[in-house]
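Asker: What follows is the residue order along each chain.
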Amino acid sequence: MLAKTLPEIGGMGHPIKRKEDLRFIQGKGNYIDDVQLPGMIYGHMVRSPYAHARITAIRTEEAKKLPGVLAVITGEDLAKANLAWMPTLFHDKQMVLATGKVLFQSQEVAFVVAEDRYTAADAADLVEIDYEELPVLIDPHKSQDSDAPILREDREEKSNLIFHWEVGDRAATDQAMKSAPVTAKVNAFFPRCHPAPLETCGCVIDFNSATGKLTAWITSQAPHAHRTVFALVAGLPEQNIRVISPDIGGGFGNKVPVYPGYVCAAVAALTVGRPVKWIETRSENLQSTGFARDYHMEAELAADKEGRLKALRVKTLADHGAFNAAAQPTKFPAGLFSICTGSYDFSSAFCEVDGVYTNKAPGGIAYRCSFRVTEAAYLIERAMDVLAQELKLDPVELRRKNFIPPEKFPYSSPLGWSYDSGNYQGALDLALERIGYNDLRKEQAEKRERGELMGIGISSFTEIVGAGPSHTFDILGLKMFDSAELRVHPTGKAIMRMGTKSQGQGHETTYAQIVAQELGIPAADVAIEEGDTDTAPYGLGTYASRSTPTSGAAAALAARKVREKARKIAAHLLEVSEEDLEWEPGKFSVKGAPGKSKTIQEIAFAAYTNFPQGMEPGLEAVHYYDPPNLTFPFGTYIAVVDIDKGTGEVKVRRFVAVDDCGNIINPMIVEGQVHGGLTEGLAIAFMQEISYDESGNIQGGTFMDYLVPTAVETPHWETGHTCTPSPHHPFGAKGVGESPNVGSPAAFVNAVVDALSHLGVKHIDMPLSPWKIWQILKDKGVTQ
Amino acid sequence: MAIKIEKSFQAPEPAADVWKILSDPRSVASCVPGAQVTEAVDEKTYRGVIKVKLGPTLTDYKGQAHIERLDDQNREIEIVGKGQDVRGKGSASMKMTGKVRELPAGGSEVITISELNVVGILAQMGNRMIQEVANQMFEQFTKNLRQRLQQQASGAVGSGPPEEVKPIDAGSVAVSAVRGLFKSKPKE
Chain A
0 MLAKTLPEIG GMGHPIKRKE DLRFIQGKGN YIDDVQLPGM IYGHMVRSPY
50 AHARITAIRT EEAKKLPGVL AVITGEDLAK ANLAWMPTLF HDKQMVLATG
100 KVLFQSQEVA FVVAEDRYTA ADAADLVEID YEELPVLIDP HKSQDSDAPI
150 LREDREEKSN LIFHWEVGDR AATDQAMKSA PVTAKVNAFF PRCHPAPLET
200 CGCVIDFNSA TGKLTAWITS QAPHAHRTVF ALVAGLPEQN IRVISPDIGG
250 GFGNKVPVYP GYVCAAVAAL TVGRPVKWIE TRSENLQSTG FARDYHMEAE
300 LAADKEGRLK ALRVKTLADH GAFNAAAQPT KFPAGLFSIC TGSYDFSSAF
350 CEVDGVYTNK APGGIAYRCS FRVTEAAYLI ERAMDVLAQE LKLDPVELRR
400 KNFIPPEKFP YSSPLGWSYD SGNYQGALDL ALERIGYNDL RKEQAEKRER
450 GELMGIGISS FTEIVGAGPS HTFDILGLKM FDSAELRVHP TGKAIMRMGT
500 KSQGQGHETT YAQIVAQELG IPAADVAIEE GDTDTAPYGL GTYASRSTPT
550 SGAAAALAAR KVREKARKIA AHLLEVSEED LEWEPGKFSV KGAPGKSKTI
600 QEIAFAAYTN FPQGMEPGLE AVHYYDPPNL TFPFGTYIAV VDIDKGTGEV
650 KVRRFVAVDD CGNIINPMIV EGQVHGGLTE GLAIAFMQEI SYDESGNIQG
700 GTFMDYLVPT AVETPHWETG HTCTPSPHHP FGAKGVGESP NVGSPAAFVN
750 AVVDALSHLG VKHIDMPLSP WKIWQILKDK GVTQ
Chain B
0 MAIKIEKSFQ APEPAADVWK ILSDPRSVAS CVPGAQVTEA VDEKTYRGVI
50 KVKLGPTLTD YKGQAHIERL DDQNREIEIV GKGQDVRGKG SASMKMTGKV
100 RELPAGGSEV ITISELNVVG ILAQMGNRMI QEVANQMFEQ FTKNLRQRLQ
150 QQASGAVGSG PPEEVKPIDA GSVAVSAVRG LFKSKPKE
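So the protein lines, in turn, are chains A and B.
First residue of the first sequence: 0, per numbering that gives the first Met the number 0; consecutive thereafter.
First residue of the second sequence: 0, per numbering that gives the first Met the number 0; consecutive thereafter.
Hints were generated in silico from the structure; no laboratory data involved.
Check before you lean on any hint, since a few could be wrong.
As the list claims (entries may be wrong) - Heads up, incomplete: computed chain B residues facing chain A, CB under 8 Å, no partners named:
no.: 1; residue: Met-0
no.: 2; residue: Ala-1
no.: 3; residue: Gly-89
no.: 4; residue: Val-118
no.: 5; residue: Ala-122
no.: 6; residue: Gln-123
no.: 7; residue: Arg-127
What the hints assert, rightly or not - In silico DSBU-like pairs for lysine-lysine, Cα to Cα no more than 30 Å straight-line:
no.: 8; chain 1: A; residue 1: Lys-141; chain 2: B; residue 2: Lys-3
no.: 9; chain 1: A; residue 1: Lys-771; chain 2: B; residue 2: Lys-6
no.: 10; chain 1: A; residue 1: Lys-779; chain 2: A; residue 2: Lys-391
no.: 11; chain 1: A; residue 1: Lys-779; chain 2: B; residue 2: Lys-3
Predicted model only: the values in this text are computed from it and were never measured.
Ideal Cβ positions, reconstructed from N, Cα and C, are used throughout, including at glycine.
Please model the complete structure; the sequences and the hints are all you need to start from.
Answerer: Structure representation (structure tokens):
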């Protein structure tokens, strides 16, 4: 554990209240839709009703006639400027506005610009488009069939296969599978879900024709990367592009990609010569922007009769929709899915993934997830329970037997990762103790006797976050480092600008606490700024739990650079040599003479007023941090559920979440993150799915069908922590934002399957709706 | 979104009278709320429009219907229709089989089986909603057909220009869908 600073300094470990909440709770945040510019006009998107159709004609005359309409932009118009297509973040391109044909329902076809929002929406209704329907491809399993329609006519390969990716030792794994006395297999579908952030996506784009400067307020989790993409796609000089991410109302990966609306608004601003605002409706957000998961997975485990694991074999079909718009590191087509060996010590493993196109919205973004780790964690934790059932072993026992032991760290996984640190047993033990596991098993046995349905589900997951080291991690060639620029003012107050961007994570508080910890400047005195590419240092943004592992590290290292300069100034002021000084948070003292000291505030003043001759004035530092490795947070979650036999409704009676994210910056914020992530995990497990009917109509494209949990559905969360610091991170932190969303779905599903396991149920795909459970109960003769 | 809808109703008029209307696409169209035949391509193929209003969404389907089978002997008709919304909101296609049979106690029964496929904005409302729209449309259709039968009996049919097309307003669909949930089911 780190030494704790005084509460008035508020360094790491202090549960100080979030600075940003002062403005949020007073309604004084500044979100995209709050941005108002003189002469601003509005855009509205015309979208395709078809999943796959050829466009034979677009008539815009009626729309243009409506008073107040300024322009109607179509794909043909964009094509003239070579902007009808744009690159995705993953080796593919996507249509900005459709030309030729549409590939998914709700695809962008035309962009109407008008004096006000209502006129723009009315005019969008007047754009007439003739379509010729084409056969649709909805089931990814049929994408390789000989009679499947080829969706992407623009590609050279006439196939719906995007990629085939494999990792691990196929031969050794096959051999281990063949010779193992026990094997277990599970086919688990992780349904297509959507982050559904409270604030939808949007932008305001302003082009100043006098200066040639384009200013873009965008709901962006990665403003710097967006600026570079804008420069490359539009061919504008990068110094003339300023991307500003103001306050963002939740991102969860949904606001990483560049969306057609941003490009259309920019084109409209350039052509009409006035600032353009475009804000998505709720349905547009759900139906067309980055979805997550949609992984059809199969896992096979090989073990000996005692339940010691031998091998893991995984085969997965990834549905990417019409364009591969996954936002993930360039070298990893299936992201970090190869973390699927989880917390367990395997001697061999093999994993293969096929990515395919279908007539669905594009994406494959990491929804509160470090690039497919959620799918991986769900799969292995589900498979472990299936094996336990096969072996008639308690799932706790099976896990205990196979955990990577603490002494084996750093651990090299058979799929190529080097886990930094872990104590899986410790987290499991604490969770079992908190929930009272043995008593619950007794209660379950008694209830079964009486015909009542109760289940206990365990998930001992491992994360892989903090992307990432430059030797393997980049997005569009941009290495995944991140940055901090710290400037201490003469009065000892400071400002620090970051390459990341908070969407509600509380960066203004936590980064300030890091500076407080390293320099002893009170957290209250450190202002944090993010999201303006004209002022912030370059960085890859906030997603994949990477802010603390990358920018957090950069903050600490920038502060340490400042401290080293402060030491020189202190030595000058105290007239001693640097070696004679000792540091405690907030001041340098002369060794052996405790009364002789200079505070960081005094030193800061001297940096501008009384610095040594020959020294560069000022007190500031910048650090770009290239992490040496990823970090591997982990934990054990246990859910207890009761199932109503009559209705199939599942009630989560208790949920204990023990997380280990290394050293904690702000325990209150960590708890908030865990609560939020668990609530999202609950929604995914029980309520949410974006499915499509056989014609490609979206089922779940509004909040009528895509359910968001409220306080009524959300159970009480019990949280706990163990602490295993990361050995390579400057202050031993690992990142926590995603763990609850990564680890909880398996705990919920394992609990429900456990409640029904005596009936022969081995697996149920999410979402576990009352209807689905009730049908199983009916099948098994438990209910009428 | 494919939906199969089976409906039947009884009328006091003899089967022959009902069949007279049901076997003539123009007469059928005049009973379908929001529908109008605009052009006869040949004696088995007709072009027309149908307007459906669901909440704020007005869908204006334009398309054609073709009589696949017309069996005067058994009083059976099979119509295949397909339409696209003029503003590009989606399409709908339907295969409808209609049958009229004499009832032993007099009067007749009309049985229809429709296979409906809806693509686009309307289909996003989900099949519960579409089912309810279909229910309302059929209810209205039945009412109109009865009225027409009565008019036919009193000899008031066949003159005058075609009526202005009024869309079926399914705005109250949600209310009736909810009501449907609470309808008591017949005891077994």
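Asker: Hint by hint, note whether the structure agrees.
Answerer: Hint check:
{"no.": "1", "hint": "Met-0", "in the structure": "holds, 5 Å"}
{"no.": "2", "hint": "Ala-1", "in the structure": "holds, 7 Å"}
{"no.": "3", "hint": "Gly-89", "in the structure": "holds, 4 Å"}
{"no.": "4", "hint": "Val-118", "in the structure": "holds, 5 Å"}
{"no.": "5", "hint": "Ala-122", "in the structure": "holds, 4 Å"}
{"no.": "6", "hint": "Gln-123", "in the structure": "holds, 5 Å"}
{"no.": "7", "hint": "Arg-127", "in the structure": "violated, 10 Å"}
{"no.": "8", "hint": "A:Lys-141 <-> B:Lys-3", "in the structure": "holds, 25 Å"}
{"no.": "9", "hint": "A:Lys-771 <-> B:Lys-6", "in the structure": "holds, 29 Å"}
{"no.": "10", "hint": "A:Lys-779 <-> A:Lys-391", "in the structure": "holds, 21 Å"}
{"no.": "11", "hint": "A:Lys-779 <-> B:Lys-3", "in the structure": "holds, 29 Å"}
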